[in-house]
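Model the full assembly from the supplied sequences, consistent with the hints where possible.
Protein chains in written order, with my numbering: chain A, 1 to 96; chain B, 1 to 125.
Since the hints were derived computationally from the structure, they do not count as laboratory data. No experiment lies behind these values; they were computed from the predicted model shown. Possibly wrong hints are sitting among the right ones.
Under the rule of at most 30 Å between Cα atoms (straight-line distance), these lysine-lysine pairs were calculated in the DSS-like manner [as the list claims (entries may be wrong)]:
(1) B/41 x A/80
(2) B/66 x B/41
(3) A/86 x B/41
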Amino acid sequence: MEQAYVVIAVTLALIIVIPAYRVIVGPTLFDRLLGAGAIGTKTVVLICLVGVMFDRLDMFVDIAVAYAILNFIGNLAIAKYFMVPKPDEAAREGSR
Amino acid sequence: MNVFDVLSLTLVVAGAFFLLVGSIGVVRLPDFYARTHATGKSDTLGLVLAILGIAVHEGPSLTDVKLIAVVVFVALTNPVGTHALVRSAYRTGLQPWFRGGPVPEDPTDDHDDEDLVAGHGEGRQ
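Right, here's the structure in full:
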């Protein structure tokens, strides 16, 4: 029974590698950020599956919670940091 | 194998399938705005299904409650994070992709591309 979860975890580890292509060759900065976010989302599932494999899910689920929160906060902060409004957008912001 | 094992494996395999779809979408779709569909929708559904499958495998316990909390948290925050990224890219001036041809070179030039970006230049006047 546990072997099935090991097989799924290995498959998921291979699935996680796919968006790394977008992180490496992405034409724009935002493509790279999107690929990094996709990798983080899938890693939460992988951490839970590793917990099932080691029969210590009670410990690994806390790591998964922390990872999900860090992924979300990092996404928001980086999206805010890299936003450079266009000149007309900046003028609208100033007149608001 | 009882019925819970079958249900758990089915959910986890379905979640892994949707995560695979999301990964392929991130690589194959034509531009940034299209790729966000893959992470905003497919990845969220895949994660919800997979974690629910693991929760069924675990059985009722405190860990089960934490897994449900992870599901609720990610189902709320993953689309929000994707939307924040799209908003950042749009306000920076990243142009969407059109099937009809290449997009104008300069994203800040708002005079000669009005017909190409119809419906997109709202609020630019």
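Subject >> Proposed proximity, residue 41 of chain B with residue 86 of chain A (alpha carbon, max 30 Å) >> reply: holds, 29 Å
Original post:
Are the Cα positions of residue 66 of chain B and residue 41 of chain B separated by 30 Å at most?
Top reply: holds, 23 Å
Original post:
Keeping to a limit of 30 Å between CA atoms, is the pair of residue 41 of chain B and residue 80 of chain A held or broken?
Top reply: Between residue 41 of chain B and residue 80 of chain A the Cα gap is close to 22 Å, so the pair holds against 30 Å.
Figure legend: structure checked against the earlier numbered hints; every hint is met.
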